[in-house]
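Trainee: Just need the whole structure built from these sequences, with the hints factored in.
Protein chains in written order, with numbering that gives the first Met the number 0: chain A, 0 to 349; chain B, 0 to 404.
To be clear, the hints were calculated from the coordinates, so they are not data collected in a lab. Misleading hints may appear alongside valid ones.
[As the list claims (entries may be wrong)] Here are the simulated distance ranges between beta carbons:
id: 1; chain 1: B; residue 1: D97; chain 2: A; residue 2: T127; range: 37 to 45 Å
id: 2; chain 1: B; residue 1: R238; chain 2: A; residue 2: T312; range: 52 to 60 Å
id: 3; chain 1: A; residue 1: W33; chain 2: B; residue 2: T346; range: 42 to 50 Å
id: 4; chain 1: B; residue 1: D42; chain 2: A; residue 2: N266; range: 36 to 44 Å
id: 5; chain 1: B; residue 1: D42; chain 2: A; residue 2: D168; range: 26 to 34 Å
id: 6; chain 1: B; residue 1: P14; chain 2: A; residue 2: D319; range: 48 to 56 Å
id: 7; chain 1: B; residue 1: L40; chain 2: A; residue 2: P175; range: 49 to 57 Å
Glycine is no exception: its CB is placed at the ideal position from the N, C-alpha and C atoms.
Chain residues, written in single-letter form:
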Amino acid sequence: MAATDQIKGVLARLRGSSLTTFLGFALLGPVAVWLIGNLIKDPVEFVNVGLIGLTNGAIFGLVALGYTLVYGILQLINFAHGDVFALSGLVASTLIVSGLGLDKESSVLVIVGGMLLTLVVIMTLFATINATIELVAYRRLRRAPRLAALITAVGMSFIIQNVSLALYDVNFRSIPSFIPRSEVIGIGDVTYSWNKLAALMITVPVLILLTWFVRSTKQGKAMRAVAQDNEASAMMGINVNRTISITFAIAGALAGTAGIVYLLQFNMRYDTGFELGLIAFTAAVLGGIGNLSGAVLGALVIGFVQAFNEGLTWYTPGSDWTRSIVFGILIAILVFRPEGLLGERTPEGA
Amino acid sequence: MSTLEQRVRSYGPGPFLVLGIVALAFFYPRYVGSLGDFPLLGDFIPSLSSMVIMIVFTMMAVGLNIVVGYAGLLDLGYVAFYAAGAYTSAWFASQQFDQWTFHFGAVGISSELPGIHLSIWLVLLIAGIFTALTGILIGLPTLRLRGDYLAIVTLGFGEIIPQVVRNGDNVFGFDLTHGTFGISPIDSPGFGSVGESFGLPLSYQQSFEREQWFYWTALALLLVTVFCSAQLRDSRLGRAWVAIREDETAAAAMGVPLMRTKTWSYAIGAFFGGVAGAFYASFKSGAFPADFYFNISVFLLCMVILGGMGSIWGVILGGMILGYLNVEGLATLGSELQGAGIDFDPTKYQFGFYGVIIVLMMLFRPTGLIPERRHKREMELGVHDTPLYDVTHEGSDTDRNPSDD
Numbered sequence: 000m001a002a003t004d005q006i007k008g009v010l011a012r013l014r015g016s017s018l019t020t021f022l023g024f025a026l027l028g029p030v031a032v033w034l035i036g037n038l039i040k041d042p043v044e045f046v047n048v049g050l051i052g053l054t055n056g057a058i059f060g061l062v063a064l065g066y067t068l069v070y071g072i073l074q075l076i077n078f079a080h081g082d083v084f085a086l087s088g089l090v091a092s093t094l095i096v097s098g099l100g101l102d103k104e105s106s107v108l109v110i111v112g113g114m115l116l117t118l119v120v121i122m123t124l125f126a127t128i129n130a131t132i133e134l135v136a137y138r139r140l141r142r143a144p145r146l147a148a149l150i151t152a153v154g155m156s157f158i159i160q161n162v163s164l165a166l167y168d169v170n171f172r173s174i175p176s177f178i179p180r181s182e183v184i185g186i187g188d189v190t191y192s193w194n195k196l197a198a199l200m201i202t203v204p205v206l207i208l209l210t211w212f213v214r215s216t217k218q219g220k221a222m223r224a225v226a227q228d229n230e231a232s233a234m235m236g237i238n239v240n241r242t243i244s245i246t247f248a249i250a251g252a253l254a255g256t257a258g259i260v261y262l263l264q265f266n267m268r269y270d271t272g273f274e275l276g277l278i279a280f281t282a283a284v285l286g287g288i289g290n291l292s293g294a295v296l297g298a299l300v301i302g303f304v305q306a307f308n309e310g311l312t313w314y315t316p317g318s319d320w321t322r323s324i325v326f327g328i329l330i331a332i333l334v335f336r337p338e339g340l341l342g343e344r345t346p347e348g349a
Numbered sequence: 000m001s002t003l004e005q006r007v008r009s010y011g012p013g014p015f016l017v018l019g020i021v022a023l024a025f026f027y028p029r030y031v032g033s034l035g036d037f038p039l040l041g042d043f044i045p046s047l048s049s050m051v052i053m054i055v056f057t058m059m060a061v062g063l064n065i066v067v068g069y070a071g072l073l074d075l076g077y078v079a080f081y082a083a084g085a086y087t088s089a090w091f092a093s094q095q096f097d098q099w100t101f102h103f104g105a106v107g108i109s110s111e112l113p114g115i116h117l118s119i120w121l122v123l124l125i126a127g128i129f130t131a132l133t134g135i136l137i138g139l140p141t142l143r144l145r146g147d148y149l150a151i152v153t154l155g156f157g158e159i160i161p162q163v164v165r166n167g168d169n170v171f172g173f174d175l176t177h178g179t180f181g182i183s184p185i186d187s188p189g190f191g192s193v194g195e196s197f198g199l200p201l202s203y204q205q206s207f208e209r210e211q212w213f214y215w216t217a218l219a220l221l222l223v224t225v226f227c228s229a230q231l232r233d234s235r236l237g238r239a240w241v242a243i244r245e246d247e248t249a250a251a252a253m254g255v256p257l258m259r260t261k262t263w264s265y266a267i268g269a270f271f272g273g274v275a276g277a278f279y280a281s282f283k284s285g286a287f288p289a290d291f292y293f294n295i296s297v298f299l300l301c302m303v304i305l306g307g308m309g310s311i312w313g314v315i316l317g318g319m320i321l322g323y324l325n326v327e328g329l330a331t332l333g334s335e336l337q338g339a340g341i342d343f344d345p346t347k348y349q350f351g352f353y354g355v356i357i358v359l360m361m362l363f364r365p366t367g368l369i370p371e372r373r374h375k376r377e378m379e380l381g382v383h384d385t386p387l388y389d390v391t392h393e394g395s396d397t398d399r400n401p402s403d404d
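Mentor: Listed below in structure tokens is the structure:
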């Protein structure tokens, strides 16, 4: 009796997994055909759009890391993160335009110095803000049912969005294009402009710094330990509260960086963070939430998806559908492969 | 078996208080005019049409309460059900599909008018059923997920459905939703010539007391919703929801079928959202995609949290308070402030207020204004909300034989 049940169980599971695999291929197959079709039809456009996707993916990655770090340590989806990102970009625009007065006429040295200063100021400021949010809104709820903290995070998201609204009103903010949009490389019609490269020039070192921090420092080790088991970490003498604060601070600093990088290419306003936050969260889930390299990988994939959807021309749904496609991916991932692409659930692999 | 009286009492106010409130609400159209004459406070009395909107949103909040309050499943995409209901109303009671002409019980319009025109009463039912089916469709793949993942997936659906509606003006050449323009006008409810002989209006839209009739209908719908919600709570299904909310593992061990029970909560919660959405579309005489966005879902959630998750009376109170602020209160406050020389527009920051309410309630009074007794104890004693369905594994411990592992 038990044996037949066992066989039935195994069969059911096999059937389940093959169905999932089948559905997965059924979804991915047409996508591959569509990409190849576009590549053949117009290779130059394909590469250009791909480069846009790479740059956007880098920005999504910075925000996605914030989600994944916090989720890894508290199992909390920090809804407010996207809005912290938007606020940071807005504050950065004030700093660059009114504080430092950078514009097209500034010399290269002034621009580089000014950007570095902005980066440091914004990262510090938003690290503090994000850690404060944790202290005020989430810390009390650490022992409450998990949904309580999640609901609070939704509330915080609205509060921060309205802070941005109160400070900056509904108008879009931008900065003068002091980083030229002229091309760095131009092979035929394939181009890559300086302002996009600047985004990567900021993002990549920040990512390297983060990896080093999580992997090689004592504090990074403490973060990984708390993510695994906060009670055991406390018993080993790790200050759990401080570690969680630091995690939020890092997430805030990353959001600040993302805000600046985003500002180099796009306009932003108070509600930019909602949509981008959800995209970044999708990226984090896609890569395997809690997994740092997964978040970056997921972000690049989503960046490409968005860019291809909005930039390609052969049978493309277009920007009207971007949101649906991104959320469709999110739902599909959660339903079919909830552990994400890299399949780990703690930031251990870093 | 408890007597009826005991049952009613277990929901909070006694039967006389309930009757009193219902009577006060019923005669509201009769005395709302004289309330407006009060000095200062008079400006803050909601008009009848504002009351209709408040009641519709309260009805949705009571529906959402079934999902969030009873079963403990956080749904951040309830707006999808609202949209589904509104568009059902638009499909079956407007000129949207003018390639066909079909009339059944529609009132107040020429029978030559092209399009599908069913009686609104029938449309309300269809909308409820259609939305409940939508709820099941959304629920089936997603209800296995753990609480916070579920919240995100519902949020995803809540974002996808409005976008589909917005882009649905050319589904392979077929105009399903009329895109960003929305569908308008939508037929009005009414009792036709049969009702007219009893003194009821033929069609609300053409009645001189339009708002009053819409108000009474909304009130009746809310009462039905509340009645069903209260009955369900005490039913076997309702107890199963509470059991799942408190401890999924224990509930499953006691033989509660998790998936089926959760799916029912989705379907029933969606049903009321759909009916409310359809009625509201008929009241506004239109369904527009701009009405459906994420903030509405949070707004409804805020009503449930302010009132008290799981507490029917709390949710009604929370719904009426926030509904009032949303429809009229903040705007009135703004104009009063303007009159006093303070330049501050509270309507601009309304979602900021809701955010503040959510955070403050969760931090300091997580059980809401009128706490539900059982939920209060859960918050005080803590619950095992460790999920049985872990997303990292296929299926669940209840689907699987221990010998498999």
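Trainee: Within 26 to 34 Å or not, the Cβ separation of D42(B) and D168(A)?
Mentor: Because 28 Å falls inside the window, the suggested range holds.
Trainee: Given the hint of 37 to 45 Å, check if D97(B) and T127(A) actually sit that far apart at their C-beta atoms.
Mentor: Distance hint for D97(B), T127(A) is violated at roughly 60 Å.
Trainee: Verify the CB-CB distance for W33(A) and T346(B) against the hinted window 42 to 50 Å.
Mentor: Between W33(A) and T346(B), where Cβ atoms are some 45 Å apart, the hint holds.
Trainee: Assuming the hint says 49 to 57 Å, is it satisfied by the Cβ distance from L40(B) to P175(A) or not?
Mentor: 52 Å, holds
Trainee: Could you check the hint for me, namely that P14(B) and D319(A) are 48 to 56 Å apart, CB to CB?
Mentor: 53 Å, holds
Trainee: Check the following: the C-beta atoms of D42(B) and N266(A) are separated by a distance inside 36 to 44 Å.
Mentor: For N266(A) against D42(B), whose Cβ atoms are near 40 Å apart, the range 36 to 44 Å holds.
Trainee: Could you see if the CB distance from R238(B) to T312(A) stays within 52 to 60 Å?
Mentor: 57 Å, holds
This entry does not satisfy hint 1, going by the numbered hints stated previously; all others are met.
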